[in-house]
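Visitor: For reference, the chains in residue letters:
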Amino acid sequence: MIAEQASADEEQWQPLSVWSVAYFVVSGFLALARNVWALFPVVFVGIQMDQLWLVLGIASVALAIIIGAVLQYLLFRFRVMASRIEVRQGVLNRRVTSLEFARVQNVSIELPFYYRPLQLVTLKIDSAGSSSDEIHLSALDRSHAERLRANILRQRIETESAAGAVEAEEEVRDALLISRSIPDLIIHGLTNNRAWIIAGGAAAVLGQMGDPGERLLGSLFADLGSDTAAALADQSIFIVMLGVLSLALMLVAVVTALSVLGSILSYYGFELRGNSQRLTVRRGLLNQRETNLRKSRVQVIASKEGWLDRVFSRRNLVFEQIAQGGNDSSGGDETKVLVPSVTAPQSLELSEAVMPSPDVFALDYQAVSPRLLARGLLLLGLVYVALAVAATAALSLPGFTLYALGVIASVHALVVFGRYKRWGLALTGHHVVVRSGLIGVTYLVAPLTKIQRVRLRQTIFMGRADLSHIGLQIASRTMEVPMLPGAFAREVVDRCLAYVESRRESWM
Amino acid sequence: MTFENPPVALSELPRIADVELHPVQRSHAWIGLVLWLVICAALAAGAAFVLQQQQPPPPEWLLPALLLLATAQCIRVFAYRRTLRYALRSHDMIFAAGLFWRSQTIQPLCRVQHVEIERGPIEKRFNLATLKLFSAGSSMATFAIPGLAGDDAERLRAFVLDYTTPSDEADSVTEQASL
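Heads up: the sequence lines are chains A and C, in that order.
Using my numbering, the letters of the first sequence correspond one by one to residues 1 to 508.
Using my numbering, the letters of the second sequence correspond one by one to residues 1001 to 1179.
Keep in mind the hints are simulated off the structure, nothing from the lab.
If you only want the chain A side, here are some residues facing chain C, beta carbon under 10 angstroms, derived: (1) Ala323; (2) Val454; (3) Arg455; (4) Leu456; (5) Met462; (6) His469; (7) Ile474; (8) Glu491; (9) Val493; (10) Asp494; (11) Cys496; (12) Glu501; (13) Ser502.
Restraint-style ranges between C-beta atoms, simulated for each label pair: (14) Thr1083/C x Gln346/A: 42 to 52 angstroms; (15) Gln1113/C x Gly68/A: 34 to 44 angstroms; (16) Glu271/A x Arg1076/C: 54 to 64 angstroms; (17) His1114/C x Trp13/A: 24 to 34 angstroms; (18) Ala465/A x Pro1014/C: 24 to 34 angstroms; (19) Ser1090/C x Glu349/A: 34 to 44 angstroms; (20) Arg464/A x Arg1015/C: 14 to 24 angstroms; (21) Ser1027/C x Val407/A: 54 to 64 angstroms; (22) Gly381/A x Leu1067/C: 34 to 44 angstroms.
A few chain A residues that don't get close to chain C, going by computed Cβ distances all over 10 angstroms: (23) Val18; (24) Arg34; (25) Leu54; (26) Gln89; (27) Gly90; (28) Asn193.
If you're wondering where the values come from, they're calculated on a predicted model, not measured in any experiment.
Positions of the beta carbon are idealized from the N, C-alpha and C atoms, including for glycine.
Throw the hints in and build the complete structure from the sequences for me.
Guide: See the structure below:
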């Protein structure tokens, strides 16, 4: 009864809480920071200007953002209908977004750091369509947001299957599939470059830090500068090289530290829970985020191992959903769920928990044709011979550059060989698996039901040798393997088509 | 593990290699040729005008080289358009194309989200049409067959539409809800 009463209220157009102004201010500043390169000339002029004008300029920009945020708050209305949610928003460009619950792909609840004292959250609803269909409701009461989300999830399931009652019951006992501890996240930061998370926020954060930070960095670089200059002036080349080396090491150390920090910031308290139909991901230190998605929306499971992952025997597991039309960075994060730095057995267990999956480590893979290796080595040989000729004849460089070139060429040849050995495709009764990589091995697993379209491609020369590239289009990506034996490629295509067309199962 | 792996008798599967492909309308290739001849003529006129006014006259081989390039492009377009072939099976559509790079794309009809027929002014004049089938995911280009006779395109579209609205309603709701 109470729930029905509440939903009747929600069918009226309603504004957000006043606190949503904070959300609009922050997103305004972030938009500004993202376009900071476009503002570079303005900033450059600003530095040369009078301090008073500079302060005035910054103040007016800040004021404009705040006024814009207040207007956005005043003009924002939303209502929740029986089967859809509608939003009217925008200051200069008014727009009305109407999102059917059946089209909802993810629902996430975010707790940004500036709402932490108030315990207010942002509800983000993504559709399977374009990113412009996303709806963000900011500064909601936690309980209100939870209720809205439960509503959306329940109605989405009711519209799609009759098993709503069973689902509602199961909702309570989502089993914990995996959680990640701080050591796991440190490993993740070491093996994967997550420094960009910091870099993305740095523009805004540096602005807040103001003078002290800048002065610190400035003095650091000034010291470095004078040291290097001195070394160049009166020390031997050995010292200079040592300096360059230590500088490079220092850079690596700084980037690694940032990466570890970024990993902890975005994946702190990582938890993946699931029931028979749904997955729930919880993560984040400053901005806590909780995302729900349906298992059936997972199109491809990517099990990725970078070369550093190999040192720690870890791999990242990525559940890929339908790729959105515009591949912009702001919403791109939401279509893929990444489980950071799991072990190989864990990766198999998790895959199995999301959908029935084959043991990718135990499959027999069809190798690609040695022609790929031959072609790669031939191209490589041509490039390096050309370089060698240019180095000796045209530039008349000393002899040892030729040896150096030889070493680089052989390392490059090893890379080509390694990649060639990794390529492989396996077709099981219900799945297609693609293996690739160089030092680390990446596996892409897709159920055959998810295949949208297939393509065979060959040059005339490949046709004579009966070889073919194969491309399997899935809603989240295209899985491609080069230079497979023609008979095998045609068999894969025939079997994939027969599977998709005879069963006609839904791919969502 | 609920995972099972039943064997499939290979000889019983339909094979794409057995399908006979039909070429698209011949006029599609001729239109391409004429179009590119016009474009090249316009470019040549422009280039000649600019080159005439160059103070140090351009090298003598430049003009023949440009002409050769233009001819090659016109021939390439014509020859490429002559390679376009398609076939309809009861559950999918096949499109093959390419001179040096040959590709064969197969679109299962049960994965088609929507269908479009596109006709430009020139295509309309010669009663040609392009049939486009859209499926989920934006990575590969849309499945499109150009140079179809107008009524062939209409009939193909009708077939695809007929196929994608199946009798069991429950399936179609989720299928169409995606885009």
